[in-house]
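Colleague: Work out the full structure: start from the sequences and follow the hints.
Sequence lines, in order, name chains A and B.
Quick note on my numbering: the first sequence kicks off at -9 and runs consecutively.
Quick note on my numbering: the second sequence kicks off at 14 and runs consecutively.
Please note: incorrect hints may appear among the correct ones.
Claimed, not checked - Distance condition first, Cα-Cα at most 35 Å in a straight line; then the derived DSBU-like pairs of lysine-lysine:
1) Lys113(A) <-> Lys322(B)
2) Lys322(B) <-> Lys60(A)
3) Lys113(A) <-> Lys60(A)
Unchecked claim - Stretch by stretch, here's where chain B covers chain A in the computed footprint (C-beta under 8 Å, at least three residues):
4) 17 to 28
5) 121 to 127
6) 240 to 250
Calculated directly from the structure, the hints in this document are not laboratory data.
Where a beta carbon is used, it is the ideal one built from N, C-alpha and C, also for glycine.
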Amino acid sequence: MSAASRFLRRITPQLVTLAAVLASIAIVFPGFFEISIANGRLYGSAIDILNRGAPVALLAIGMTLVIATKGIDLSVGAVMAICGAVAASAVDRGMGLVPTLALAIGTGLACGLWNGILVAVLKIQPIVATLILMVAGRGIAQLITEGAILTFRHEGLIFIGSGTFLTVPMPVLIWLFTGVIVALVVRRTALGMLIEAIGINPRASMLAGVNTRVLLIAVYMASSLCAAIAGIIAAADIRGADANNAGLWLELDAILAVVIGGTSLLGGRFSIVASLIGAMIIQAVNTGILLSGFPPEFNLVIKAGIVLVILVLQSPTVQSAFIYFRRNKQSSPADAKTVVQ
Amino acid sequence: MNARSLPLLATVIIFLLAYAVCYSQYPAMLSTRVIGNLLTDNAFLGIVAVGMTFVIISGGIDLSVGSVIAFSGVFIAVLLRDTGLHPVAVFAMLLVITTLFGAAMGATIHYLEMPPFIVTLAGMFLARGMAYVLTIDSVPITHEFYGRLQDFYYLMPGRGRLTLIGGIMLLVFLTGMILAHRTRFGMNVYALGGGVQTARLMGVPVARTTIQIYALSGFLAGLSGIVFSIYTSAGYSLSTVGVELDAIAAVVIGGTLLTGGSGFVAGTLIGVMIMGLIQTYIIFDGTLSSWWTKIVIGFLLFAFIVLQKGLVWIADRNAGALKSAR
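Modeller: Written out as structure tokens, the structure reads:
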């Protein structure tokens, strides 16, 4: 099987789910796919999904790498809040755009370094290690903004949240660009395979010569870097840094996006493209519920239902039962070969 | 000195030291009034932290409890507003629902072999979503029975009030300690946390115990919801966001190993009290801002986790030294 068709086969379930969600929205809301250009910007519900889904998509990129190492990063929401607060307070003090962005992203990288050291050097379980920053992070963000919502009017920073480039909103470009870069870096080099090796068996991969410690720290730093970018976008979007609500519960959405993308929480295999489609599925469900006139209260219940269905499908018990039944039903040699592969 | 009880000892010492510091600055901190308020204000957190202790000792995690508390409050408030049912009947219905909810999550975790993290995450969405579906408004509870529950207290010497909900929390802790250390269920929980395979080979009924653990956590989350509704006299679907994290933090600060297999229910009580003490201190001080609570709790979490790591490392080294000496 060629690489391209294997890749297509890998993301087929996600594509089908996304298509099903979009189709069902289109049935309820016929004008869904209409796209128009006004004031040099694309408008339409489909564009809206791409735009609103930017923070979760960015977080999902980093979270995919972390989960591939059998870890989890709960702190991304708090890191978003911290970096948004840093960016807002920097422009508030009259700093230029480039130093502001550098400062915010540097802060994000420092958060990732902290998480990475806890996980890789002190060998603390990832859930617990990142829980520390999740709890303390919002406090730190509030410390930076001094409890208030810091608003700003810096044109350059606002452009990142609501500007357009060649009629496409900036957040969409940023997450697409980040996704492509990260996917290329991990898949066109051996990096992705090394990350998967850590997820399967950290000890064995260390014995095989993989620099587990540095790679783990790098992965957590990548996750926080994505969170920092997402935090800057979120702050630029509302033209202010809200330490309490920026990125609140987005870590769960990001984990959900990765799980919907078919990356196992047990580590060892991942697909960034599938996670990005997962993020879009979540945003499509959110937007769809809003558009269809359903009360938004049902949003969480529907999300829980989707998670449950995916959990059941991914569960090792159900999968082995599925393979067992398939084998029993058709025990022709041709079929046996596809099972063994 | 047993290495297992060392984290608990550290927690107790830190609590006493912290209280001594608070007392030296504000002598009123030692009055029974402050202690009574400390118990009342943290009652709902303490109750839910007992359930979390069992879950974490068994090596799992329950992220749904905060949402279940919110759901409980909304459920009680809406039923009391729309029907003529007596609060006690509503409480009974609620506890059955939340216990079954917990049991269902336990069954999913065991039979589908899914990580507890993601199953209880789905539970968290579901419970919060059901609360939204019931109502998104804050519904006040005006039943006269609630007034009687709120006025019910025991006057401690020094005019401090041990309220009903503070008393319930202490009772839950007492029951939890007996359950953890004096019953077969408690032993099974510890065995599961030590390792599922080993526990199974030892004859621990893994399926039943897992379901019981999460059912207990669900039951206590429901009870905590009742206590919270007495505390606030209202049900609001946006309340108690993030309480699961506070509960996990209290359990860790209380000296329970997050890897499972080791910990004390009594430690969790002190963990909850330390967190309450930080908040009380900030209120007494008046110039510190509330966000320092989060930062201090984060720092305490870090300190305790590093302490635990150090202890485990020392224990491992000692075991290695014994082996090589033999």
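Colleague: What hint numbers does the structure not satisfy?
Modeller: Violated hint (a single one): 4; every other hint is consistent with the structure.
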